[in-house]
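Asker: Please put together the full structure from these sequences, using the hints given.
Residue numbers for the sequence shown follow our numbering, beginning at 25 and rising by one.
Mixed in with the good hints there might be a few duds.
Claimed, not checked - Here are the in silico distance ranges between beta carbons for each label pair: (1) T58 to N82: 15 to 23 Å; (2) S72 to S103: 19 to 27 Å; (3) P102 to R68: 17 to 25 Å; (4) D94 to P32: 45 to 53 Å.
Because the hints were derived from the structure by calculation, they are not lab data.
Since this is a predicted model, take the numbers as computed values, not measurements.
The beta-carbon is built from N, C-alpha and C at its ideal position, and this holds for glycine as well.
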Amino acid sequence: MRNRLARPGADGLTDDWTLTPEQADRLGERAGQTKIAIQGLLFRLRWSNVYEQGIAHNESKADINMMTMDQTQFEDPPSH
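Answerer: Here's what the structure looks like:
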């Protein structure tokens with residue numbers, strides 16, 4: 025983004041961003057929405073993978089097990 029949306033500042037140490045405040049707000053909002061959508065997709069993919077593994081191993085109660093297990097294992101680790 026820096027390559028496309030900023031240029032070197034006059035002091036040579038900082039960048040001058042070319043976005044207006046409104047554009048920057050929209051970009052930040054869209055980036056946040058994208059992050060949430062990707063996290064949701066990753067959660068579902070991890071969940072589906074474990075569910076499919078249970079079916080492949082002839083788990084007869086896969087639905088019950090998936091609904092009662094600790095689902096935090098499917099979430100992204102906390103970021104610092």
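Asker: Just tell me: holds or violated, for the beta carbon distance of T58 and N82 against 15 to 23 Å?
Answerer: violated, 39 Å
Asker: CB of P102 to CB of R68, is that within 17 to 25 Å?
Answerer: holds, 19 Å
Asker: If I claimed the Cβ atoms of S72 and S103 lie 19 to 27 Å apart, would that claim hold in this structure?
Answerer: With Cβ atoms ~23 Å apart, the hint holds.
Asker: Within 45 to 53 Å or not, the Cβ separation of D94 and P32?
Answerer: About 50 Å separates the Cβ atoms of D94 and P32, which means 45 to 53 Å holds.
Comparing the model with each numbered hint stated earlier shows that hint 1 is the single one that does not hold.
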